[in-house]
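Student: Residue numbers (our numbering), protein chains in the order written: chain A, 2 to 114; chain B, 74 to 186.
You can trust all of the hints, since none of them are fake.
Derived list of chain A stretches under chain B, where covered just means 3 residues or more per stretch with a C-beta under 8 Å from a C-beta of chain B:
no.	segment
1	40–49
2	100–112
Okay, derived cross-link-like pairs now, DSS-like style, lysine-lysine, Cα gap no bigger than 27 Å in a straight line:
no.	chain 1	residue 1	chain 2	residue 2
3	A	K58	B	K76
4	B	K130	A	K72
5	A	K58	A	K109
6	B	K132	A	K72
7	A	K109	B	K76
8	A	K72	A	K57
9	A	K109	A	K72
10	A	K57	A	K69
11	B	K130	B	K151
Listing some non-contacts, in silico: residues in chain A with all C-beta distances to chain B over 10 Å:
no.	residue
12	S8
13	L12
14	E27
15	F66
16	T79
Since the hints were derived computationally from the structure, they do not count as laboratory data. Glycine included, C-beta positions come from ideal geometry on N, C-alpha and C.
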Amino acid sequence: QQQVRQSPQSLTVWEGETAILNCSYEDSTFDYFPWYWQFPRESPALLIAIRPVSNKKEDGRFTIFFNKREKKLSLHITDSQPGDSATYFCAASADYNQGKLIFGQGTKLSIKP
Amino acid sequence: GPKVLQIPSHQIIDMGQMVTLNCDPVSNHLYFYWYKQILGQQMEFLVNFYNGKVMEKSKLFKDQFSVERPDGSYFTLKIQPTALEDSAVYFCASNWGGSYEQYFGPGTRLTVL
Chain A
2 QQQVRQSPQS LTVWEGETAI LNCSYEDSTF DYFPWYWQFP RESPALLIAI
52 RPVSNKKEDG RFTIFFNKRE KKLSLHITDS QPGDSATYFC AASADYNQGK
102 LIFGQGTKLS IKP
Chain B
74 GPKVLQIPSH QIIDMGQMVT LNCDPVSNHL YFYWYKQILG QQMEFLVNFY
124 NGKVMEKSKL FKDQFSVERP DGSYFTLKIQ PTALEDSAVY FCASNWGGSY
174 EQYFGPGTRL TVL
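For reference, chain B alone in the conformation it holds in the complex:
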């Protein structure tokens, strides 16, 4: 089936540093999402993105977070500066827009020390 790729699979950084999580969505998909999952809990919606713009963001999407997809390249989530509570697995998802089905990537495990 369609594949969403995420790079890197695991990232360890010191608190206060900047981190960029990369997502390569399914090629013909138009809607992109980031979800956050703390170990053992459910995934929580962070943000969705369409046509170069943020459509909606949750209260978890702090001011330190930003997303972009310059010129059809990776869909990125940037956190600057990072905080301890940002440690989680971040899942990217994409959707072509004609149905609700979202395809999830394998996740990036972010550890903030």
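Pulled out of the complex, with its shape left as it was, chain A reads as follows:
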């Protein structure tokens, strides 16, 4: 049972364009949604995160849009740079689980210069 789903599996955009990565979830008790990025053979690192009290979280070129009613969120990367090329994981956590993270399958993003 996949509780967190991501689409697309892979995405290629040109440098300077906006990349949109999608995520959906099933468990309505999830209350924390971090996005991690991971470069090949490196550990995942927290990029940006949101709680359901907000429907938008912005950090520089990275913005999360959150729709609680539809249980969907998306990560927008504006002015994409080649250095943004990585695999992006959407994750979710619920309070009662002591912060256990449930990860999606990831979106492999490639930025073409």
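Following the hints, put chain B in place on chain A, whose structure we already have.
Tutor: Just chain B, lined up with the frame of chain A:
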């Protein structure tokens, strides 16, 4: 930022042998986690640990797995005996308990022959 260390970075063993993966979490962190990532797939939660006890484990945390953190030393994941399907990268993470943010180590790549 805070660093989680993992030793060794790569371990190759024969099926049936015992292996211990070591994690040095961030010094003031209280919650510890192990995740398993098979090449090209998402990370999957194995177990979390707090105050000397396992809080929750997933179905991936087989009877052959055990965790401990004796006297504030390394947080360890022991697999005895190992099986071919245990080949993966194992990530340790830690969290201080006041927020959901988990810091991940660089991973230990385990190869079971």
